[in-house]
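Each protein sequence line maps, in turn, to chains Z and C.
If you're matching positions, the first sequence starts at 1 in UniProt numbering and goes up one per residue.
If you're matching positions, the second sequence starts at 1 in UniProt numbering and goes up one per residue.
Keep in mind that a hint or two might mislead.
Since copy identity is lost for identical chains, a pair holds within one copy or between any two.
[Said to hold, decoys possible] List of simulated lysine-lysine pairs, DSS-like, C-alpha gap at most 25 Å: (1) Lys51 / Lys174; (2) Lys174 / Lys130; (3) Lys130 / Lys86; (4) Lys193 / Lys130; (5) Lys201 / Lys86; (6) Lys99 / Lys35; (7) Lys8 / Lys35; (8) Lys142 / Lys201; (9) Lys119 / Lys174; (10) Lys169 / Lys130; (11) Lys8 / Lys169; (12) Lys169 / Lys119; (13) Lys119 / Lys173.
For the record, the hints were derived by calculation from the structure and aren't laboratory data.
Protein chains: 2
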Amino acid sequence: MKTDFNEKQVQILLIAETLFAENGFEGTSIRTIAKAAEINVAMVSYYFGSKEKLLEALIVYRTSDLKIQIENLSLEDLDPIEKIDKLIELYINRIRCNKGIYRILHFEFASEEKEDKLKVLNEVRDRNLKSLETIIHEGQQKGIFRKDVIIPLISPTIMGTFFHFTMNKAYFKKLFNLETDEQFENYVQTQLKTHIQQTIKALLIYES
Amino acid sequence: MKTDFNEKQVQILLIAETLFAENGFEGTSIRTIAKAAEINVAMVSYYFGSKEKLLEALIVYRTSDLKIQIENLSLEDLDPIEKIDKLIELYINRIRCNKGIYRILHFEFASEEKEDKLKVLNEVRDRNLKSLETIIHEGQQKGIFRKDVIIPLISPTIMGTFFHFTMNKAYFKKLFNLETDEQFENYVQTQLKTHIQQTIKALLIYES
DNA sequence: TACAAAATTAAACAACTGTTTAATTTAAAC
DNA sequence: GTTTAAATTAAACAGTTGTTTAATTTTGTA
Numbered sequence: 001m002k003t004d005f006n007e008k009q010v011q012i013l014l015i016a017e018t019l020f021a022e023n024g025f026e027g028t029s030i031r032t033i034a035k036a037a038e039i040n041v042a043m044v045s046y047y048f049g050s051k052e053k054l055l056e057a058l059i060v061y062r063t064s065d066l067k068i069q070i071e072n073l074s075l076e077d078l079d080p081i082e083k084i085d086k087l088i089e090l091y092i093n094r095i096r097c098n099k100g101i102y103r104i105l106h107f108e109f110a111s112e113e114k115e116d117k118l119k120v121l122n123e124v125r126d127r128n129l130k131s132l133e134t135i136i137h138e139g140q141q142k143g144i145f146r147k148d149v150i151i152p153l154i155s156p157t158i159m160g161t162f163f164h165f166t167m168n169k170a171y172f173k174k175l176f177n178l179e180t181d182e183q184f185e186n187y188v189q190t191q192l193k194t195h196i197q198q199t200i201k202a203l204l205i206y207e208s
Numbered sequence: 001m002k003t004d005f006n007e008k009q010v011q012i013l014l015i016a017e018t019l020f021a022e023n024g025f026e027g028t029s030i031r032t033i034a035k036a037a038e039i040n041v042a043m044v045s046y047y048f049g050s051k052e053k054l055l056e057a058l059i060v061y062r063t064s065d066l067k068i069q070i071e072n073l074s075l076e077d078l079d080p081i082e083k084i085d086k087l088i089e090l091y092i093n094r095i096r097c098n099k100g101i102y103r104i105l106h107f108e109f110a111s112e113e114k115e116d117k118l119k120v121l122n123e124v125r126d127r128n129l130k131s132l133e134t135i136i137h138e139g140q141q142k143g144i145f146r147k148d149v150i151i152p153l154i155s156p157t158i159m160g161t162f163f164h165f166t167m168n169k170a171y172f173k174k175l176f177n178l179e180t181d182e183q184f185e186n187y188v189q190t191q192l193k194t195h196i197q198q199t200i201k202a203l204l205i206y207e208s
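Just need the whole structure built from these sequences, with the hints factored in.
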């Protein structure tokens, strides 16, 4: 599998990502991408083969990024609760910075039966699940976390909350009187982040 | 605003809803809808005017449904916690039964600036928020719920979790060894529902 | 400078898009 | 049974889609 892209290819990938994120995969034409990237329409086919393969290349390009990010996370010397906080923060930042590809992967592509091409994605998912399990098991052994939590359902809550919020931007901007996009972005990084952290921590700790 | 549709129109609306849910609005052509509904392509324009207006009609058709559903909910004689449980159950069932239109509204249409046509949706949202606020305020006065929760962020968590899970069906089917679609549906209605209820209740009750 | 490979272009391709037309069939009313 | 409106049809419309072609330009190498 090809994982190295030249300057021009990366330029196309980045612009495609933005457009896919804004208008979806189906909603973005090769000509729109070409115009935005100031290249000829044929260049997409020339470099990537097809629109579908462009998306695959984008996935490969982005997921190789993610691999590096997660490994640089050091969580030693923290108690389980602090680890959860930090992991969620990292998680949200990662989604925020890769909004485009994440939206495509989780809310457009995943529903269809294109499993084969999503093996890279599944690897990332499994790795995330593993780190989360490690932390939670530690907390459970220390008697801090309850033991009847279904761990794989935690990431849908984190990701789902984030995406539902950002994808209904217009509504929440109005609701919270956020006038600019910057204010909205800021709300996500502060209030929404805290909300998600509180939610997960409460779920892990609370005994009914 | 037209709110009554004849048999044929409803038939078209329902099939369009399914297809929109599966392949998105952009990903579904009028010809596909016509073929599935066993009608002529021109009938969509004849009855609704355009594809865009077909979607609007679908929104109107579905949201008038929702209005009725929520008003039939009686929550008297329950304590706040039970009310939350019941409201979430109702909420999830409603999303489950209207998956198609919900996906379009919250994950396709909302991001674009077509606010005007979404006024109906905003009404539903505001009504939901109001019922939730009433229950939570009651719980806060009784000293059961904490007071620093941002109430409008609760529904993103409910809806987001549900949608992230169902839209990544293939992945979670594999993860939880759910072989058939029925088993998956069943998991949603039991485990996932409980997970969401626990999460929200924990968030409301837990004191750090 | 000469040559070959890579990059870039405009044009064309067929298939598909949403929509409209004008003709035809069906149904209802008188 | 005739008339009138509604429903349905196939065909055409113009525009867009992803992709390929074949010609041209640019680039790197000897």
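Self-check item: Identical-chain pair category, lysine 142 with lysine 201, by Cα at 25 Å
Solution: both (15 Å within a copy, 23 Å between copies)
Quiz item: Using 25 Å as the alpha-carbon threshold, which applies to lysine 119 and lysine 173: within, between, both, or neither?
Solution: between (36 Å within a copy, 15 Å between copies)
Exercise. Measure nothing new, just compare the shortest in-copy and cross-copy C-alpha distances for lysine 193 and lysine 130 to 25 Å and report within, between, both or neither.
Key: both (22 Å within a copy, 24 Å between copies)
Exercise. Indicate which option fits the pair lysine 201, lysine 86 if close means a Cα-Cα distance not exceeding 25 Å: within, between, both or neither.
Key: So lysine 201 and lysine 86 pass the 25 Å test inside a copy (12 Å) and across (23 Å) alike.
Quiz item: Given identical chains, is lysine 99 near lysine 35, meaning Cα to Cα at most 25 Å, within a copy, between copies, both, or neither?
Solution: This pair counts as within: shortest intra-copy Cα distance 22 Å, inter-copy 35 Å.
Quiz item: Using 25 Å as the alpha-carbon threshold, which applies to lysine 174 and lysine 130: within, between, both, or neither?
Solution: Classified as between: cross-chain Cα gap 16 Å, same-chain 38 Å, threshold 25 Å.
Quiz item: Checking lysine 8 and lysine 35: alpha-carbon separation at most 25 Å within a copy, between copies, both or neither?
Solution: Cα proximity of lysine 8 and lysine 35: one copy only (14 Å, versus 42 Å across).
Quiz item: Are the CA atoms of lysine 169 and lysine 130 at most 25 Å apart within a copy, between copies, both, or neither?
Solution: between (32 Å within a copy, 20 Å between copies)
Exercise. Evaluate lysine 169 and lysine 119 at a C-alpha cut-off of 25 Å and name the case that applies: within, between, both or neither.
Key: between (31 Å within a copy, 15 Å between copies)
Exercise. Up to 25 Å between alpha-carbons, please classify lysine 51 paired with lysine 174: within, between, both or neither.
Key: neither (36 Å within a copy, 28 Å between copies)
Quiz prompt | Homomeric proximity label, lysine 130 with lysine 86: Cα distance no greater than 25 Å | solution = Within one copy only: 16 Å inside a chain, 33 Å across chains, cut-off 25 Å.
Quiz item: Quick one: lysine 119 to lysine 174, C-alpha cut-off 25 Å, is that within a copy, between copies, both, or neither?
Solution: between (39 Å within a copy, 13 Å between copies)
The structure does not agree with the numbered hints 1 and 11 stated previously, though it agrees with the rest.
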